[in-house]
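Participant: So you can see what is in the structure, the chains are spelled out below.
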Amino acid sequence: MAKAEKIPRQPMPEQDPQVRKRNFDEVPLGYTEEQAVKEAERCLQCKKPSCIEGCPVSVEIPAFIKLIREGEFTKAIHKIWERNSLPAVCGRVCPQEIQCEGRCILAKKGDPVAIGNLERFAADWERAHGKGELPPKAEPTGKRVAVVGSGPSGLTVAGDLVLKGHHVTVFEAFHKPGGVLVYGIPEFRLPKEIVFQEVNFLERLGVEVQCNVVVGRTVIVDELFEEGYDAVYVGVGAGLPRFLNVPGENLIGIYSANEYLTRANLMKAYLFPEYDTPIVKGKDVVVLGAGNVAMDSARTAMRLGADRVRIVYRRSREEMPARAAEIHHAEEEGIEFFLLTNPKRFIGDDQGRVKAMECIRMELGEPDESGRRRPVPVEGSEFTMECDLVVIAVGAGANPLLTQTTEGLALNKWGYIVADPETGKTTKKGVWAGGDIVTGQATVILAMGAGRKASDSIHKYLTWGW
Amino acid sequence: MFEILRREEMAGGTVVLNEISAPLIARKAKPGQFVILKANETGERIPLTMADTDPTKGTITIIYQVVGKSTALFKSMQRGEQFQDVIGPLGSPTHLEKLGTVVCVGGGTGVAVLHPITRGLKDLGNHVIAVIGARTKDLLILEDKMKAASHELHVCTDDGSYGHHGFVTEVLKQILEEKDVKLVVGIGPVPMMKFLCKLTAEYKVKTMVSLNPIMVDGTGMCGCCRVTVGGETKFACVDGPEFDGHQVDFDELMQRLSSYKEEEALAYEQHTCQCQA
Ligand SMILES: Cc1cc2nc3c(=O)[nH]c(=O)nc-3n(C[C@H](O)[C@H](O)[C@H](O)COP(=O)(O)OP(=O)(O)OC[C@H]3O[C@@H](n4cnc5c(N)ncnc54)[C@H](O)[C@@H]3O)c2cc1C
Ligand SMILES: Cc1cc2nc3c(=O)[nH]c(=O)nc-3n(C[C@H](O)[C@H](O)[C@H](O)COP(=O)(O)OP(=O)(O)OC[C@H]3O[C@@H](n4cnc5c(N)ncnc54)[C@H](O)[C@@H]3O)c2cc1C
Ligand code: SF4
Ligand code: SF4
Ligand code: FES
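Chain order of the listed sequences is W and B.
The opening position of the first sequence corresponds to residue 1 in my numbering, with each subsequent residue numbered one higher.
The opening position of the second sequence corresponds to residue 1001 in my numbering, with each subsequent residue numbered one higher.
By construction, these hints were calculated from the structure, which means they are not laboratory data.
Note that the Cβ used here is the ideal one computed from N, Cα and C, for glycine as well.
Heads up, some of the hints might be wrong.
In silico lysine-lysine, PhoX-like type, Cα no more than 25 Å apart, as pairs [as the list claims (entries may be wrong)]: (1) LYS192/W - LYS131/W; (2) LYS268/W - LYS1145/B; (3) LYS428/W - LYS1028/B; (4) LYS413/W - LYS355/W; (5) LYS1261/B - LYS283/W; (6) LYS344/W - LYS1206/B; (7) LYS1098/B - LYS1147/B; (8) LYS1028/B - LYS176/W; (9) LYS1122/B - LYS281/W; (10) LYS355/W - LYS1261/B; (11) LYS355/W - LYS1075/B; (12) LYS47/W - LYS108/W; (13) LYS268/W - LYS1137/B; (14) LYS1122/B - LYS1206/B; (15) LYS1182/B - LYS1145/B; (16) LYS1234/B - LYS413/W; (17) LYS1194/B - LYS1137/B; (18) LYS164/W - LYS137/W; (19) LYS108/W - LYS176/W.
Simulated DEER-style distance windows between Cβ atoms [stated by the list, open to error]: (20) GLY132/W - GLY1231/B: 31 to 41 Å; (21) PRO13/W - GLY1230/B: 52 to 62 Å; (22) GLU1262/B - VAL19/W: 52 to 62 Å; (23) GLY397/W - LEU1099/B: 35 to 45 Å; (24) LYS137/W - GLU1097/B: 19 to 29 Å; (25) ARG204/W - GLY1230/B: 48 to 58 Å; (26) GLN1274/B - ASP222/W: 46 to 56 Å; (27) GLN1270/B - GLY440/W: 54 to 64 Å; (28) GLY415/W - GLN1270/B: 37 to 47 Å; (29) GLN1270/B - LYS6/W: 57 to 67 Å; (30) LYS137/W - LEU1024/B: 20 to 30 Å.
Negatives, chain B to chain W, calculated, CB over 10 Å [said to hold, decoys possible]: (31) LYS1069; (32) HIS1165; (33) SER1258.
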């Protein structure tokens, strides 16, 4: 035991910040086999592993790490797959510091085992060396399931149910599947190739993916039942941009993060004019908000050639919701943080393009309903910040396209679908829901966890009834 | 999947019609709704109104003006070729009702968008007066169809080469003077809609316009298409594209349409160079 603690946490090699801040290639480069084995040796193989409690889908962490340590990489990935069907994604984007790694026993005294990096290693190793064998599938049941939305939540349901012998069709509004994994999270953090391979894997298992179908417009949920689907899973995400409702917000050069990132990622505007979709390339960029979405927007703006990128956030550093790794990466790339600052209005030039933002300083007052200290404006502290591009990344809401066209589906006061947290059942017979459309914008792994519970429940329903 | 089954050029090749196979969309579409099309892997998502649909054949018809890179690319696509992606029907359908005398005013390619609405209003038993205009005679489209869809058709050209010499608004003013008009529908270039709404506001006649802001997803997810209507921000792709013209901030719409002027010029230039080479 004492020996294990002496090995330092293996850092993952990364692209140099000065180089990577101008390209869209992935930032962390991945472990070599030697590094992975060495990192795996740090795990104490606890009898009561607290790390597992920190993982929303209970990956058997010590077991797969032991297999890596023994050089059994294929077995390691199979171990992970028992619980998590998208390890190449989760290893990269889970907020490990508050989940698995945050609960690792070693975190108490120093650095936790790099669980996320090891998970990523196993998944990448399998993609590079594996034979791509398909897992065994149950006999066809003759039942048909419609999954609406191809984000991590919908993909999980599709994968689980196709293996149980049901016929699964995934309907996606966009022209490419993957949800936030393709339109939101940038290439430099999650290469799109990985997502497409995961989708391709599901297609090889027999899942039918139909893009360009907007449920609520092209077809409505009740019609899916008429067409012969026995169950419907709704995993449409939190696709409604939130704005600030301050004057000047419709000036040219002010984007919602959804628009900015969709243009950059899904439409590949960073390759304009080779790709046809344009994007405003700011020199002096302001990003409002401090979550993962804000970090992704800021780092994208830097890669599109900005001279200066500032994150403006109304609370303080402790409250920033982004993953620690992303904040760290953003800082390394030269992104500046303006904390305790809030916009009051945007100022445009005579062409209607944004040229500045008037802000006010904030201070922290009493805790609010979220338990965080409420930021209050400091009177008379207004000042102006010049900028030529603003990205608003202050959260997302529930898109009403599907929910408003589905009768009998109960919503909460914010428009999210009401679903049983244990089963994903909604108030409408035969309809389940999970992921961001139930919880509000959360995480990839929570959306997958909700999908897993729902697929268990759907399978029971298809076998025994509601 | 989305094969071009029929293709026609109009207005001297500046306007193109495509009838496209899209059964799921054709089954559902209503007047006033639009689709988003993407030609190929590197293409942009372009919104176009459905000028017609045929649910039995499973086709939709679009009529578009060639104004930039993407519409020029669409124009180069021949019968038998396919759009990679077509998404729809999007937007809220036009609210059609029987009101009495209504005037449908269309400018340029706006006539293509206006036609199904005009037909719908006539089918409901309204007395429909149509006014259509173009810069010059050769650019006028759908005259025959608009004639069939209305009780009375007036044609205008800016240069006087055909019909009334002058703007559609002049003819409209005349009609507003003479008749008890219950509704005006105005669809065309933004400046035309702006001046039309100014005029109908003087006569206090309810006016509906169809807006064409830049869009990305068309499902209310990005906010790119936001327009100010009655002092409030609306998303044209879900709340519209039709709005009460008297409430619309047209100047803001015009500015937002110019967001990518330089990029559009660059893309178009490169596209035409490649085509000539
Ligand atoms: C920029 C960004 C960065 C993020 N970074 C992280 C991170 O680092 N780590 C992390 O854990 N989480 C992160 N998140 C959050 C995470 O991505 C989401 O919580 C997760 O993707 C939710 O999954 P989902 O399946 O519920 O929905 P989504 O991923 O949103 O997928 C929903 C899909 O449904 C489709 N859809 C919507 N409406 C319809 C309809 N009517 N018909 C058909 N299809 C429809 C959408 O187009 C979309 O493809 C980030 C989110 C964003 C936006
Ligand atoms: C709901 C909706 C329905 C539409 N229906 C039709 C239709 O039925 N027929 C038709 O011809 N056009 C229609 N349009 C406009 C059409 O989408 C644009 O003409 C097209 O996107 C231009 O693309 P481009 O790459 O060829 O030109 P770009 O290079 O993008 O632009 C060239 C020129 O067109 C202007 N422009 C750019 N985008 C738009 C836009 N969205 N609307 C108007 N002008 C624009 C630019 O300011 C520029 O001057 C519609 C737009 C919307 C939003
Ligand atoms: S899925 Fe996420 S939380 Fe669970 S072990 Fe993997 S990285 Fe950790
Ligand atoms: S808590 Fe840490 S050391 Fe213990 S089993 Fe889990 S990863 Fe290994
Ligand atoms: S086009 Fe994205 S919200 Fe309307």
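Participant: Against this structure, judge whether each hint is valid.
Facilitator: Tested hints:
no., hint, in the structure
1, LYS192/W - LYS131/W, "holds, 21 Å"
2, LYS268/W - LYS1145/B, "violated, 40 Å"
3, LYS428/W - LYS1028/B, "holds, 24 Å"
4, LYS413/W - LYS355/W, "violated, 37 Å"
5, LYS1261/B - LYS283/W, "holds, 18 Å"
6, LYS344/W - LYS1206/B, "violated, 36 Å"
7, LYS1098/B - LYS1147/B, "holds, 20 Å"
8, LYS1028/B - LYS176/W, "holds, 22 Å"
9, LYS1122/B - LYS281/W, "violated, 48 Å"
10, LYS355/W - LYS1261/B, "holds, 18 Å"
11, LYS355/W - LYS1075/B, "violated, 37 Å"
12, LYS47/W - LYS108/W, "holds, 17 Å"
13, LYS268/W - LYS1137/B, "violated, 41 Å"
14, LYS1122/B - LYS1206/B, "holds, 18 Å"
15, LYS1182/B - LYS1145/B, "holds, 23 Å"
16, LYS1234/B - LYS413/W, "holds, 21 Å"
17, LYS1194/B - LYS1137/B, "holds, 23 Å"
18, LYS164/W - LYS137/W, "holds, 6 Å"
19, LYS108/W - LYS176/W, "violated, 43 Å"
20, GLY132/W - GLY1231/B: 31 to 41 Å, "violated, 57 Å"
21, PRO13/W - GLY1230/B: 52 to 62 Å, "holds, 56 Å"
22, GLU1262/B - VAL19/W: 52 to 62 Å, "violated, 28 Å"
23, GLY397/W - LEU1099/B: 35 to 45 Å, "holds, 36 Å"
24, LYS137/W - GLU1097/B: 19 to 29 Å, "violated, 54 Å"
25, ARG204/W - GLY1230/B: 48 to 58 Å, "holds, 52 Å"
26, GLN1274/B - ASP222/W: 46 to 56 Å, "holds, 47 Å"
27, GLN1270/B - GLY440/W: 54 to 64 Å, "violated, 43 Å"
28, GLY415/W - GLN1270/B: 37 to 47 Å, "holds, 43 Å"
29, GLN1270/B - LYS6/W: 57 to 67 Å, "holds, 59 Å"
30, LYS137/W - LEU1024/B: 20 to 30 Å, "holds, 29 Å"
31, LYS1069, "violated, 6 Å"
32, HIS1165, "holds, 34 Å"
33, SER1258, "violated, 7 Å"
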